[in-house]
Amino acid sequence: MAARKRASSMSISNKPDPAEPNSAPPVQKMTRKTVGEEFRLAPPKLGVIFVISTLLCSLYLYLLCFHYKVDYELKRSILINAGLSFVGFFVTLKMIPVAARYVLRRNMFGFDINKRGTPQGDIKVPESLGIVVGIVFLIVAIIFQYFNFTEDSNWLVEYNAALASICFMILLGFVDDVLDVPWRVKLVLPTFATLPLLMAYAGHTTIVIPKPLVAYIGSEVLDLGRIYKLYMGLLAVFCTNSINIHAGLNGLEIGQTVVIAAAILIHNVMQIGSSTDPEYHQAHTFSIFLTQPLMATSLAMLAYNWYPSSVFVGDTYTVFAGMTMAVVGILGHFSETLLIFFLPQVLNFLLSLPQLAGIVKCPRHRLPRYDSASGLLTGTKDGTLVNVYLRLFGPKSEKSLCIHLLVFQALACTFCFILRHFLAGWYK
Amino acid sequence: MAARKRASSMSISNKPDPAEPNSAPPVQKMTRKTVGEEFRLAPPKLGVIFVISTLLCSLYLYLLCFHYKVDYELKRSILINAGLSFVGFFVTLKMIPVAARYVLRRNMFGFDINKRGTPQGDIKVPESLGIVVGIVFLIVAIIFQYFNFTEDSNWLVEYNAALASICFMILLGFVDDVLDVPWRVKLVLPTFATLPLLMAYAGHTTIVIPKPLVAYIGSEVLDLGRIYKLYMGLLAVFCTNSINIHAGLNGLEIGQTVVIAAAILIHNVMQIGSSTDPEYHQAHTFSIFLTQPLMATSLAMLAYNWYPSSVFVGDTYTVFAGMTMAVVGILGHFSETLLIFFLPQVLNFLLSLPQLAGIVKCPRHRLPRHKRWDTRQRVLEALACTFCFILRHFLAGWYK
Chain A
1 MAARKRASSM SISNKPDPAE PNSAPPVQKM TRKTVGEEFR LAPPKLGVIF VISTLLCSLY
61 LYLLCFHYKV DYELKRSILI NAGLSFVGFF VTLKMIPVAA RYVLRRNMFG FDINKRGTPQ
121 GDIKVPESLG IVVGIVFLIV AIIFQYFNFT EDSNWLVEYN AALASICFMI LLGFVDDVLD
181 VPWRVKLVLP TFATLPLLMA YAGHTTIVIP KPLVAYIGSE VLDLGRIYKL YMGLLAVFCT
241 NSINIHAGLN GLEIGQTVVI AAAILIHNVM QIGSSTDPEY HQAHTFSIFL TQPLMATSLA
301 MLAYNWYPSS VFVGDTYTVF AGMTMAVVGI LGHFSETLLI FFLPQVLNFL LSLPQLAGIV
361 KCPRHRLPRY DSASGLLTGT KDGTLVNVYL RLFGPKSEKS LCIHLLVFQA LACTFCFILR
421 HFLAGWYK
Chain B
1001 MAARKRASSM SISNKPDPAE PNSAPPVQKM TRKTVGEEFR LAPPKLGVIF VISTLLCSLY
1061 LYLLCFHYKV DYELKRSILI NAGLSFVGFF VTLKMIPVAA RYVLRRNMFG FDINKRGTPQ
1121 GDIKVPESLG IVVGIVFLIV AIIFQYFNFT EDSNWLVEYN AALASICFMI LLGFVDDVLD
1181 VPWRVKLVLP TFATLPLLMA YAGHTTIVIP KPLVAYIGSE VLDLGRIYKL YMGLLAVFCT
1241 NSINIHAGLN GLEIGQTVVI AAAILIHNVM QIGSSTDPEY HQAHTFSIFL TQPLMATSLA
1301 MLAYNWYPSS VFVGDTYTVF AGMTMAVVGI LGHFSETLLI FFLPQVLNFL LSLPQLAGIV
1361 KCPRHRLPRH KRWDTRQRVL EALACTFCFI LRHFLAGWYK
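Going down the list, the sequences are from chains A and B. Sequential numbering from 1 applies to the first sequence in this note's numbering. Sequential numbering from 1001 applies to the second sequence in this note's numbering.
Source of the hints: derived by calculation from the structure; they are not laboratory data. Check each hint, because a few of them may be wrong.
Claimed, not checked - Pair ranges (Cβ atoms, derived):
(1) B:1358 with A:275: 56 to 64 Å
(2) A:357 with B:1227: 58 to 66 Å
(3) A:54 with B:1234: 17 to 25 Å
(4) B:1080 with A:357: 53 to 61 Å
Source: prediction; values computed, not measured. Glycine included, C-beta positions come from ideal geometry on N, C-alpha and C.
Chain A with its partners taken away, still in its complex shape (with noise of 0.2 Å):
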C-alpha cells in the first residue's frame, strides 16, 4: 500500500530483474560515483530548493514582517525560531550524505522503479532518509523550548504532549521501514501516537454551525465533547496515511508536504494579523513554531530528493509529516482548514478507495507505467491522482509530473484561502 515502496530491501536477495537495456535517453547522468569502498552522493540541488524556497516562504515573510502588525514578543519569538529552523536546515543537509553511507551498509537501499531499463534503474539509491529529518526536526524543537520561555504551563503541556506525539511516530515509521510492519498495524499506529495529544488538548470541543444550517440545528455552536476528539485522533491516522499513498515519484512526497507547510505558515500569520484575541495568537504561533522547522528540514532533504532522487525518504518521513501537520492543525485549532489544504490527498485516498477495500484487484505498487524509449510516464488503470492526472493529460515525463501535482496541490491551497475569505461572513 505505501506507493513509493521501490523494490527496497533490507536482505541483498529481493533485487528486481534487471531490464534489457533499451536505448536511454541521451542526458541521463549518474547520481552516485562509486570509487572503490567509498560512496558519495550526487552534490545536492541547491539551486532548485532555493527556487522553491523563494516562491513558497517570500509571501508568508512579507505578511509576517511588513503587511500585519505583529506583536513584538510574537515576531521575536517566531524569528528566533526562524533561525533555529535556518540552522536546522543547514545541519540536515550536513547529515544526509553521512546517513547515507550507513544506511546503505545495512543494506537499507531501493532501485527508482521509474527508471527501471535505464542506467539509473540500477542504483542502489538508500532508503528511509526521514530518520534525519525526524532526529534534526526534534532537536530543533526540543531546543526551541528554552528560547520561548513562558510560565504558561498549558503551553508546555501541549507542546511536550505534541514532541512526543511526533516523536512517537517517528519511531513507529523507522520501525516499519526496518521491519516492515503488515499494513492493518500501520492504520492502527497513528491512533497511539496521537494519544498524548488528545490528552493534552484543552482547548473547546464545539463547532461553529454554518448560518444555513442553524435554523435546522438550533443553535449556533454544537459541543461534540468526546466525538470531536475521535474526530482529531482520526485526522491524524488520515494525515499520516495520505501522504503516503500519494506519492511514488521523485520529490513529490517531500514536495506537497513544503506546499502544504507554506500554506500553513501563511494561514497562521494572517490569523495573527487579523485578529486580537491573545489566545487566538497562542494557538497560531504554536502551530508557525512547528512548520518552521518542518519546513526547513523537508527542504534540505528535498535537495537530495529532487528528481533525480539520491536519496529516498521512506515511511519515516511520510507519517512524521502528515503527524506534524495533524499535530499543528488540532492544536491550531484549524483542522477544518487543514483538510482542504489536503485536497488532493482527499481526492487521492478516494480515488484509492476501491483497491484499498480490495474491490478492484490491488497490485503492490500502484504506479505509472514507465516507458524507457520515450523517457514518458503513463497512467495505468490504477486509482492513484499520479494515474488519473496522466490519463486526463497525457504521458509526462517524471520531473514535470511532479511539477504539475505540486502546482495543483498549490492551487488547492489558494482555492482554500479564496474559499475562506467568500465564506467568512456567510459561513461563520
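Following the hints, complete the assembly by docking chain B onto the known chain A.
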C-alpha cells in the same frame, strides 16, 4: 562501547569463524526449532519469571498494601497503574515472538559469543527486541494518563516531558541498533533526549548539605541552579550508557534493570508511607507510575532472554531502561539514592575507564571466557541495593 554486541550483523557477511567443536557440555537445549520456513522461538521461561517476580515484588506489594497507611486516592491510582502494567506484561509476552520473526527476516541477528563452539553458538538469535518493550511501555504510559485524571498541569507537563524524553531515547537506541552509530555519537545523544525533561523540571535545584559539612560550607542548603540541571543531564548520560557496558551475559541487562526497578519501587513506597507532604507524595507516585510498566514489560522480555537466551535485547533496551530510571530518579527527586542503587554499574564504569579512555587497549568485546556468573551477578546486584537502603537508614538522622 556496546558490550553486548554479539557478532550482530544485518548483512550476511559478518559471520564469525566457527570455532572447532569442543566437547560440549551434555545438556545443551536447542533454543530454536527451525522447520523449513517456519521459525519458532523457544517457549518463555515463565517459571523463572514467576520466581523472580515473587522475590522482587512481594516486599513492595506488602509495604504498599499492608504495612503503610497510604492515601486511598493514591493507592487507587497506583493499583490501576499496576493493572495496566500487568496487561502490558502479557502483551509484551505475546508480541516478542511475532517481532522476532520480522527482525530475523531483516537479518538483524547475532550469535551468542558465550556459546561459541557448541551447537547453540550457531543459532541466529534475533537482536533488538528491546523495541517491543519500548513500544508497549510507551503505550501503557500513554493510556495511563487517561486514568489518572488530574487538573494539575504541572504534573501533565512533567509526565509528557518524561514520555517525550523516553520516546526520543528509544528512537535513538533503535537507530543505533539498525545503523550502528559511532560510540562518540552515542555518548552525546542522551543529552538531547534529556532536554525536554530538564525544561519541564520545575522542582528545587537545591541540595541539602550533609550535617558534618555544614560548618565548612556555611549554610544548610545550597542552591546549585543550572549546575543542578547539568548534573541531571550527566546522570541521564551515565545511566543510559552504564547499563550498556555492564552487559554480555544472558539475562544480565534485563536482570539488573528489574532488580534496580524493584529497589526504586520499594524506596518510593517507603517514602510515601513515612511522609505526609503531598508534594513529596506526588513526586514518588510519579516514579511508581513509570517504574511499574518498566518492571512488567522487562519481566516479560526476561522470560525469553533468561539463560539460555532466545532473543537479545539490543542497545534499544539498555538505553531505554537507563533513561527511564534516570527520568524517574530526576522527577522523583531522589537521584542521589538512584546513584547508590547503581553502585555495581558505577564500579563497572570505573573499572572500564582505562580501556574506554584508550589508555589500555580496548577490544571489540570485553566478555569473560566461559564462566556462568548469572545468578551470582543477580545476588550481587540485590546486595548492592540492600546496602543502599541500610546506608540511607543509618545516615537519615545524621546526614540530612
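Hint check:
no.: 1; hint: B:1358 with A:275: 56 to 64 Å; verdict: 60 Å, holds
no.: 2; hint: A:357 with B:1227: 58 to 66 Å; verdict: 60 Å, holds
no.: 3; hint: A:54 with B:1234: 17 to 25 Å; verdict: 44 Å, violated
no.: 4; hint: B:1080 with A:357: 53 to 61 Å; verdict: 39 Å, violated
When held up to the earlier numbered hints, the structure conflicts with 3 and 4 and fits the remainder.
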